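From first to last, the protein sequence lines are chains A, B and C. The first sequence finishes on residue 752 if you use the numbering used here, and the numbering steps up by one all the way, no holes. The second sequence finishes on residue 1146 if you use the numbering used here, and the numbering steps up by one all the way, no holes. The third sequence finishes on residue 2129 if you use the numbering used here, and the numbering steps up by one all the way, no holes.
No lab work stands behind these hints: they were computed from the structure. Accuracy of the hints is not assured; some may be wrong.
Unchecked claim - Here are the simulated lysine to aspartate or glutamate pairs, EDC-like style, with alpha carbons at most 20 Å apart:
id, chain 1, residue 1, chain 2, residue 2
1, B, LYS1103, A, ASP40
2, B, LYS1028, A, ASP88
3, A, LYS142, A, ASP88
4, A, LYS339, A, GLU426
5, B, LYS1103, A, GLU280
6, A, LYS419, A, GLU578
7, B, LYS1103, A, GLU426
8, A, LYS339, A, ASP421
9, A, LYS142, A, GLU89
10, B, LYS1028, A, GLU89
Just so it is clear, the structure is predicted and the values come from calculations on it, not from any experiment.
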Amino acid sequence: MSGGPTKPAVSGSAAAAIGAAAVLLVAVAVLWASGGGRIDLPWAPAWDLRLAFGVDGLAALYWYLAAGVGVLVFTYASAYVPRHLAHDERPRAEEWRVHAAMTLFLVSMVGLVTSEDLILLFVFWDLTAIASWLLIGFDRQKREARLFALMALLITTVSAVLMLIGILMLRAEYGTTQLPELFRLAEPGTTVAVAAGFIAVSALAKSAQVPLHFWLPRAMAAPTPVSAYLHSAAMVAAGVFLISRIHPLLALEPALLDALLVIGLASMALGGVLSLAADEFKRLLAFSTVSQYGYVTAMLGVGGSAGAAAACFYVLAHALAKSALFMTAGAVTEATGTKLLSESGGLARRMPLLAAGAGAAAAGIAALPLTIGFFKDELFFKAAAERGTWLAILAVLGAGLTFAYMARFWAGIFLGAPKGDVQHVERRLVWPVAFLGALVVVGGVVVAPFADLARSAADVTNGGPVDLKVAYHLDTRTENLMALGAWATGLLLFAGHAVITPALRWVERAGDAMGPERLYWGGLRLLNDLSDRAHDFEIRDLRSRVAAVIVPGGGLVALGVVLTPTAGAYAVGSFETEDIALGVTLVVCAIAAIAVTFPRGHLALALMLSGVGFALATAYALIGASDVALVAVLIETIFALLFVGVYALVPQQVLRREARRVEGRSRMVRDLVIAVASGIVTTLVVWSALSRPIPVDGMAERHIELADDAHGQDVVTVILADFRGLDTLVEITVVGVAMIIVAAAVRTRTRA
Amino acid sequence: MTTSALTRMISRSLLAPTLIVALAILVKGYASVGDGFSAGVVAALGILLQMLAFGRDQVTADLPIHRAPLVAMTGLFIGFAVLAVPVLTGGAPLEHWPPPDEKPIYLGTVELITAVVFDIGVFLLVLGSCVKVIDALAGAAAEDDA
Amino acid sequence: MNLLYAIVIGTLFGSGVLLMLKGDLFRVVAGIVLVSNAANLTLMASGLTRGQAPILPLDPGEPVADPLVQAMTLTALVIGFAVTAVLLALSLGVYRSGRSVDLDDLSEQETEEALEREATDIPPDEAVL
Chain A
1 MSGGPTKPAV SGSAAAAIGA AAVLLVAVAV LWASGGGRID LPWAPAWDLR LAFGVDGLAA
61 LYWYLAAGVG VLVFTYASAY VPRHLAHDER PRAEEWRVHA AMTLFLVSMV GLVTSEDLIL
121 LFVFWDLTAI ASWLLIGFDR QKREARLFAL MALLITTVSA VLMLIGILML RAEYGTTQLP
181 ELFRLAEPGT TVAVAAGFIA VSALAKSAQV PLHFWLPRAM AAPTPVSAYL HSAAMVAAGV
241 FLISRIHPLL ALEPALLDAL LVIGLASMAL GGVLSLAADE FKRLLAFSTV SQYGYVTAML
301 GVGGSAGAAA ACFYVLAHAL AKSALFMTAG AVTEATGTKL LSESGGLARR MPLLAAGAGA
361 AAAGIAALPL TIGFFKDELF FKAAAERGTW LAILAVLGAG LTFAYMARFW AGIFLGAPKG
421 DVQHVERRLV WPVAFLGALV VVGGVVVAPF ADLARSAADV TNGGPVDLKV AYHLDTRTEN
481 LMALGAWATG LLLFAGHAVI TPALRWVERA GDAMGPERLY WGGLRLLNDL SDRAHDFEIR
541 DLRSRVAAVI VPGGGLVALG VVLTPTAGAY AVGSFETEDI ALGVTLVVCA IAAIAVTFPR
601 GHLALALMLS GVGFALATAY ALIGASDVAL VAVLIETIFA LLFVGVYALV PQQVLRREAR
661 RVEGRSRMVR DLVIAVASGI VTTLVVWSAL SRPIPVDGMA ERHIELADDA HGQDVVTVIL
721 ADFRGLDTLV EITVVGVAMI IVAAAVRTRT RA
Chain B
1001 MTTSALTRMI SRSLLAPTLI VALAILVKGY ASVGDGFSAG VVAALGILLQ MLAFGRDQVT
1061 ADLPIHRAPL VAMTGLFIGF AVLAVPVLTG GAPLEHWPPP DEKPIYLGTV ELITAVVFDI
1121 GVFLLVLGSC VKVIDALAGA AAEDDA
Chain C
2001 MNLLYAIVIG TLFGSGVLLM LKGDLFRVVA GIVLVSNAAN LTLMASGLTR GQAPILPLDP
2061 GEPVADPLVQ AMTLTALVIG FAVTAVLLAL SLGVYRSGRS VDLDDLSEQE TEEALEREAT
2121 DIPPDEAVL
């Protein structure tokens, strides 16, 4: 750290980001209060694509989260990012990158949740992936940040290809990608099952569910505000959002729901265990996120009224608390300089406000009473108990794990003996945590507004009204007993942490050794090797590549010639006395063309080449094409000058060395054979084409007649500048672009 | 580059005729052989001749060579304008003006019709492009010598 | 005439291919010019008419050269011109970065660079796991 960062004011870019989030927050509040809204504009009518956006309950819930948490996280970032840059000795001017990418993310997220068209949704889906790639790789001077940003991008976008396939399958089957239409039309069947399955795989990858969970802890390479935003309220939430969105389709195929349940439970368990094993704050929180979204996935797998209600409420409660905890981690690291639980402790007295806010948030995740989190587990337990005893038991164990690692996180940082110095941090790093903590507690007392929002989201997910009632009941109903069981399990795990640590570490190591992340790296290495091989093969003999294009291409054409019926295909044509001049010119032209292949010197090459051109121009003139002849002469002149001009820029000895180079004999024979063969094939093709002209009576005459209407006498120019003006416009555009390329290529000097 | 006084005198005196020929090819292109492209190339060749005779530095000082890209882009712009203007007034892209049954306005023997405007665009683009390329090559050669 | 056209076009094309297979970049460019010349002549020949230039007023008794193929050939000529200019500039660029205009030399250089790269490359996961 160089001299300790000074108190930075909020930069313009940060203020803009906060402002954008605030505007979007007000927008959703107004829209939702006025009963939602729809926009439907034509986009690509030929493909029946529309820009269809709508604000329903589900969209409102996620929009609220993205914008609301956005305001707080962006505020936090305005203080955090300058510090982050100062630690790495990077200029503060780079700050805007984070704010711009976060805003892009927020806007894409809003687009994603309001899309009513699956194609549109896919576009925003990939936009969020791009924004997250920019954000995770923000420390681009660090190799790991780059690698892990790429990992997150690859996992989420490669799986998104499956989603696109699924969308196109639905479109092929039902002729639409509009969600309301699809829900109306879709019937149980293989297409829907496979398509919805593909979309779900992509969603699960985004929500970091087992076995594609490994990118999320790696994505902690991002600056902390990014983690607080993307990995709590937005990016990973987008996955479960998508599953909620297409839930009516998934519900048509019970096997898919069962798969969701299994994947969710596996993620819940694995995430919980690994979170308990972690020592790094953000790693703990990342696995906790895997685990928490595992709950949500499992609830979506349970489905029905109870499952949908639990899932939607869970997302809401979790996002508030989790982003507060991520921001806590960042603030603690800024204050103490450590990222590890084993190196921290006793901060409660030094940073009481942070401790209180983080405590409330941790209690929320651990589902203690008087927090909104209590209700999330109540709904969760209710849905699990309805499904069956075994699921109820797993639910209690999962909640116990959650309680244990949350207790470890909070107690590890804030309780115990103080370790190390504590530096002052800006208030902006603390009060967003406190605010969210307060919200978690308010939600635990006045739960109705939160429940209403979750209910309207669950209505959409379930495709019908759900029953979502939350309240404290002081009795021995199943949910309360399960909650007590979970706390007891959690306390036990927390207290016996030292005992079970070896077992936890073993799971961690086993995962590193044989987990799916190995597959990812192996695959990446394989692709790298493959691309190197292909490149080496390609460059080892560039010249053979030219032949490799010409020979198969010529072969195919020759095949066409052979297969075409020959009857009447070849006519020698008439040769009149008046053709003698033209004939002679053409023969001269052919001889000149052959002659071009002989000279060794480069100047002779250029001159002979223009000889061919001038001979051709003469032939054009004899045919009666005076315009073409004129242009051909001019172009040949310029060609000769261009060749000479470029030669002048290449040292003489290089050209001389090139001219003296002697070809190997076999090579020369090979080239000659290819050249003669391609010449013969071309002759045959052209001959047969000229022998059987397609009768287009009157094309020439019609053009000549119309020329008068266009007020021109030179029919060719009339065609160029008027009838086929678009061709000419494109042509001169090509000339203009070529000019830019040539000027740039000539000017660019050698790299050192 | 050293050239004899005679070469320079002839070259200098050829510039104006070259440009006039180019202009003639351009404006008479609609009635006779030639079009905007040929005109542009002829004019560029005229400027190239100056470069060969007097050297790049001298010509750059005498003529606005550095405006070549601007000229080229103006030409392209005119082309696209001819494409777009009829659309703005409710016609088809590149629609001809005046319509077939109307007499065009004559300036001497030059007709004022859209196609001529279009060809002027082509001329400017080709002239600008060729001069720019010639200038870039000459500039690179001068750098290599230095 | 058909046969003559065809043979001349075939010769142009064949010579072009022969040049394109050479190692010298400038010869490759010359080869491409010859091949596009062959294409232009094909376009012109496909009009199959020759006669007076299509410039009004026409002499009624005489045949007229097909104006449409002329217009198309013109467009092709100009685009061929632009492409060749770019190719020449790229050859110059290749010379400047590789100090050679020979494809065999360049292949060798690339291969050497590839071997160097293999020797110094860190596999993506080595730093991580």
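Hint by hint, here is what the structure shows:
| no. | hint | in the structure |
| --- | --- | --- |
| 1 | B:LYS1103 to A:ASP40 | violated, 49 Å |
| 2 | B:LYS1028 to A:ASP88 | violated, 68 Å |
| 3 | A:LYS142 to A:ASP88 | holds, 10 Å |
| 4 | A:LYS339 to A:GLU426 | holds, 19 Å |
| 5 | B:LYS1103 to A:GLU280 | violated, 85 Å |
| 6 | A:LYS419 to A:GLU578 | violated, 106 Å |
| 7 | B:LYS1103 to A:GLU426 | violated, 79 Å |
| 8 | A:LYS339 to A:ASP421 | holds, 14 Å |
| 9 | A:LYS142 to A:GLU89 | holds, 13 Å |
| 10 | B:LYS1028 to A:GLU89 | violated, 67 Å |
Violation of the numbered hints given earlier is confined to hints 1, 2, 5, 6, 7, 10; the remaining hints are satisfied by the structure.
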